[in-house]
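Peer 1: Note that the protein sequences, when read in sequence, are chains A and B.
One point on numbering: in this note's numbering, the residue at position 228 of the first sequence is 228, and numbering is uninterrupted.
One point on numbering: in this note's numbering, the residue at position 89 of the second sequence is 89, and numbering is uninterrupted.
No lab work stands behind these hints, which were simulated from the structure alone.
Glycine is no exception: its CB is placed at the ideal position from the N, C-alpha and C atoms.
A few of these clues could be false.
With a straight-line Cα cutoff of 25 Å, these simulated DSS-like cross-link-like pairs (lysine-lysine) come out [what the hints assert, rightly or not]:
#1 K332(A) / K89(B)
#2 K106(B) / K311(A)
#3 K113(B) / K90(A)
#4 K311(A) / K332(A)
#5 K113(B) / K89(B)
#6 K113(B) / K332(A)
Sample of chain B residues lacking proximity to chain A, with all beta carbon distances greater than 12 Å (derived) [said to hold, decoys possible]:
#7 S53
#8 L69
#9 N76
#10 E121
#11 E122
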Amino acid sequence: MTATHLSSDSLDAPARQPAGASAPVTRTGAQALVGTLERLGVEHIFGLPGGAVLPLYDALYHSEQIRHILVRHEQGAGHAAQGYAAASGKVGVCLATSGPGATNLVTPLADANMDSVPIVAITGNVASTAMGSDAFQEADIRAISMPVTKHSFLVTRPDEIAATIASAFHLASTGRPGPVLVDVTKDALTAAADESLLQLPMPGFRPPSSAAPEAVRDAVELMLTARRPVLYVGGGCVRADAHAELRQLAEVTGIPVVTTLMARGVFPDSHPQHMGMPGMHGSVSGVATLQKSDLIVSLGARFDDRVTGRKDTFAPQATIVHADIDPAEIGKNFPTAVGLLGDVRDTITQLVLEWSRRTAAGAAPDHAAWIRRTQGWKRRYPLGYDVPSDGAMAPQYVIERLGALAGPDAIVASGVGQHQMWASQFISYEHPRRWLNSGGLGTMGYAVPAAMGAKVAMPGSTVWAVDGDGCFQMTNQELATCAVEGIPIKVAIINNAALGMVKQWQALFYSERFSASQLPSTQIPDFALLAQAYGCEGLRCDRPEDVDRTIEAAMAVDDRPVVVDFRVSKDAMVWPMVAAGTSNDDIQHARDVRPDFGDDE
Amino acid sequence: MTLLSAYPPPPPPLPTPPTAYLASTPTTPAPDATHHAQRGTTMNAPATRHALSVLVENNPGVLARVSVLFARRNFNIDHLVVGPTEDSKVSRMTIVVNVSAEQLHKVTNQLDKLVEVIHIEELPDADAIRTQLWAINDNGPRPVGAMAAAAF
Numbered sequence: 001m002t003a004t005h006l007s008s009d010s011l012d013a014p015a016r017q018p019a020g021a022s023a024p025v026t027r028t029g030a031q032a033l034v035g036t037l038e039r040l041g042v043e044h045i046f047g048l049p050g051g052a053v054l055p056l057y058d059a060l061y062h063s064e065q066i067r068h069i070l071v072r073h074e075q076g077a078g079h080a081a082q083g084y085a086a087a088s089g090k091v092g093v094c095l096a097t098s099g100p101g102a103t104n105l106v107t108p109l110a111d112a113n114m115d116s117v118p119i120v121a122i123t124g125n126v127a128s129t130a131m132g133s134d135a136f137q138e139a140d141i142r143a144i145s146m147p148v149t150k151h152s153f154l155v156t157r158p159d160e161i162a163a164t165i166a167s168a169f170h171l172a173s174t175g176r177p178g179p180v181l182v183d184v185t186k187d188a189l190t191a192a193a194d195e196s197l198l199q200l201p202m203p204g205f206r207p208p209s210s211a212a213p214e215a216v217r218d219a220v221e222l223m224l225t226a227r228r229p230v231l232y233v234g235g236g237c238v239r240a241d242a243h244a245e246l247r248q249l250a251e252v253t254g255i256p257v258v259t260t261l262m263a264r265g266v267f268p269d270s271h272p273q274h275m276g277m278p279g280m281h282g283s284v285s286g287v288a289t290l291q292k293s294d295l296i297v298s299l300g301a302r303f304d305d306r307v308t309g310r311k312d313t314f315a316p317q318a319t320i321v322h323a324d325i326d327p328a329e330i331g332k333n334f335p336t337a338v339g340l341l342g343d344v345r346d347t348i349t350q351l352v353l354e355w356s357r358r359t360a361a362g363a364a365p366d367h368a369a370w371i372r373r374t375q376g377w378k379r380r381y382p383l384g385y386d387v388p389s390d391g392a393m394a395p396q397y398v399i400e401r402l403g404a405l406a407g408p409d410a411i412v413a414s415g416v417g418q419h420q421m422w423a424s425q426f427i428s429y430e431h432p433r434r435w436l437n438s439g440g441l442g443t444m445g446y447a448v449p450a451a452m453g454a455k456v457a458m459p460g461s462t463v464w465a466v467d468g469d470g471c472f473q474m475t476n477q478e479l480a481t482c483a484v485e486g487i488p489i490k491v492a493i494i495n496n497a498a499l500g501m502v503k504q505w506q507a508l509f510y511s512e513r514f515s516a517s518q519l520p521s522t523q524i525p526d527f528a529l530l531a532q533a534y535g536c537e538g539l540r541c542d543r544p545e546d547v548d549r550t551i552e553a554a555m556a557v558d559d560r561p562v563v564v565d566f567r568v569s570k571d572a573m574v575w576p577m578v579a580a581g582t583s584n585d586d587i588q589h590a591r592d593v594r595p596d597f598g599d600d601e
Numbered sequence: 001m002t003l004l005s006a007y008p009p010p011p012p013p014l015p016t017p018p019t020a021y022l023a024s025t026p027t028t029p030a031p032d033a034t035h036h037a038q039r040g041t042t043m044n045a046p047a048t049r050h051a052l053s054v055l056v057e058n059n060p061g062v063l064a065r066v067s068v069l070f071a072r073r074n075f076n077i078d079h080l081v082v083g084p085t086e087d088s089k090v091s092r093m094t095i096v097v098n099v100s101a102e103q104l105h106k107v108t109n110q111l112d113k114l115v116e117v118i119h120i121e122e123l124p125d126a127d128a129i130r131t132q133l134w135a136i137n138d139n140g141p142r143p144v145g146a147m148a149a150a151a152f
């Protein structure tokens with residue numbers, strides 16, 4: 001219960017005033033807030049001003065360290081902060097005014113909460129004296145955001161602003177990352193602030209410990225004795241920057257690896273031990289390796305329903321070892337034999353050490369038959385697609401070529417739906433933090449703003465947004481931001497004139513009754529013209545032989561954003577597929593084609 | 001904090017609990033070869049009453065945060081009492097829920113993640129609140145309004 005206090009006359013206190021200032025200058029709450037952001041090393045903020053945050057924007061006006069990027073919609077600010085955080089590993093910051101500005105941030109907050117993205121959202125609120133009076137643009141965003149954030153603060157006293165902002169950054173980035181909201185009232189922003197309190201006490205927040213040595217021993221014992229083990233790698237390994245350690249663990253043990261949608265790239269796709277992605281639209285080898293295993297070593301994954309399929313038939317013979325930084329995840333969906341609580345990077349290092357110790361002492365695991373079997377699945381059931389019968393372009397071909405031409409260093413942000421699944425399947429990811437998508441919440445419209453945030457964080461990288469025609473129309477206003485602020489992202493619209501995934505489900509499960517799932521996106525809007533109206537380069541491509549040339553033309557543009565309208569087949573479907581609510585055993589490699597997994601040992 | 005035990009009241013005649021609150025005999029299947037038939041954690045195990053004593057930071061909005069969490073997991077709170085502790089920065093919540101042990105474990109894990117929750121323990125006697133309110137009833141001012149409704 002000790003707060004960190006620094007008295008203003010202490011000799012040890014870091015200089016708060018410019019050198020040479022003799023008397024302490026009292027700043028306003030808004031200035032203290034901006035000063036704290038600068039002290040924390042914030043360089044970019046995505047935001048949109050309004051009445052309640054005017055004092056804050058006035059203080060930002062003078063900041064030389066912080067670049068404010070004016071978005072066109074607060075949702076764009078939130079997703080941009082997510083893309084910024086996911087691509088760089090730093091905390092993303094977004095800023096909005098009270099009322100509607102704050103409520104527009106709810107979707108990105110929920111998205112960041114599901115995908116464990118460290119962002120801090122700062123919102124203004126009406127003066128504390130007006131709160132509860134249904135004042136103009138008043139919304140109780142602290143309460144609204146409660147179920148969808150890691151934590152949310154309401155600051156009504158100027159003296160607490162600096163400490164709360166610092167604590168928000170600490171909360172967002174420590175332990176399991178997540179979104180933190182700080183709502184500051186307007187009177188707190190304008191009043192004089194005492195900045196001596198540097199951190200809130202937060203006695204209930206306990207940073208995670210590292211995995212217990214005996215649990216690591218048990219886990220390695222299970223890995224040694226298992227006949228059919230698999231490393232089930234999730235997004236936690238990306239957030240923890242555990243790619244090098246993960247590769248070491250995989251190579252030293254020889255155990256097959258599957259990477260979930262959130263973890264694409266953390267283990268190189270080209271690696272022979274990589275069995276692909278498990279889940280509803282995972283590869284046959286990825287699903288089968290998980291389903292037929294007798295030991296699942298989960299590293300920063302959470303046994304989402306899209307991965308497990310019907311729970312009571314998931315991996316019936318498997319024992320589960322679960323490494324996670326969040327104690328509530330261990331045992332949440334499946335009973336766990338061994339829980340490894342702690343940072344996954346640290347845990348993997350311990351696993352490697354213990355494995356090396358055991359094998360040096362003579363332990364000899366026998367996984368050869370299992371590895372042969374998994375490699376057999378990978379050979380027999382590669383990902384593929386049919387050339388559409390109507391002569392149109394295959395969307396998979398467009399995405400495959402895009403991945404090949406953009407190269408493994410390009411960052412790909414995707415929306416949600418068919419194009420997201422194809423982008424996860426047909427682009428080969430070799431490095432972490434190159435694949436950004438909305439996995440947990442499934443937010444259509446994520447791609448364009450997230451690509452914008454990623455490009456701001458990594459200006460030297462090529463950033464592609466692979467988007468659908470439905471998704472693109474939800475947040476394309478941020479193209480204006482990109483054009484005005486000089487953020488040259490590239491957008492590939494996979495335009496099948498439909499809400500493709502909805503249409504696919506209607507085709508498969510609702511007798512092809514395409515209720516409200518078809519869009520006139522080949523006529524309205526004209527995406528190329530729309531892009532030009534936003535000050536971007538607008539291209540169109542509707543023949544397979546033009547795909548490479550169009551992508552190269554888009555890659556050649558570097559001074560403004562590019563939008564390419566790829567008009568693709570309306571009937572393409574995502575395969576393989578485990579239909580919702582069915583068992584992973586019932587995976588279809590293509591429509592009504594069930595793979596043969598061979599007999600269990 | 002042991003005010004009530006300073007006046008040991010005669011054990012009050014407890015009202016007969018509604019049948020839903022009766023602890024049913026656990027029907028867990030024997031851990032034999034059939035245990036693979038049931039995969040995944042279930043949400044329909046037999047429910048019993050559990051009382052949690054939760055120390056929280058005494059901030060505005062903390063009650064909403066705790067109750068939102070229970071609501072999000074679709075749990076109904078049977079009883080809820082919030083009161084001060086000897087530390088003015090800390091409040092104690094006593095929460096009685098009617099859930100299975102496994103669900104309780106999960107909700108406690110989620111509760112523990114809340115930044116404002118400092119400490120959680122399960123009280124040995126789930127009827128603690130009712131008993132104590134009975135004691136107040138016999139020895140002091142009668143519970144009124146919602147408090148009385150919660151007790152009976």
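Peer 1: All hints are to be evaluated individually against the structure, with a verdict given for each.
Peer 2: Now the hints, each set against the structure:
{"no.": "1", "hint": "K332(A) / K89(B)", "result": "violated, 32 Å"}
{"no.": "2", "hint": "K106(B) / K311(A)", "result": "holds, 17 Å"}
{"no.": "3", "hint": "K113(B) / K90(A)", "result": "holds, 22 Å"}
{"no.": "4", "hint": "K311(A) / K332(A)", "result": "holds, 12 Å"}
{"no.": "5", "hint": "K113(B) / K89(B)", "result": "holds, 19 Å"}
{"no.": "6", "hint": "K113(B) / K332(A)", "result": "holds, 14 Å"}
{"no.": "7", "hint": "S53", "result": "holds, 15 Å"}
{"no.": "8", "hint": "L69", "result": "violated, 8 Å"}
{"no.": "9", "hint": "N76", "result": "holds, 17 Å"}
{"no.": "10", "hint": "E121", "result": "holds, 14 Å"}
{"no.": "11", "hint": "E122", "result": "holds, 16 Å"}
Of the numbered hints stated above, those contradicted by the structure are hints 1, 8, listed in ascending order.
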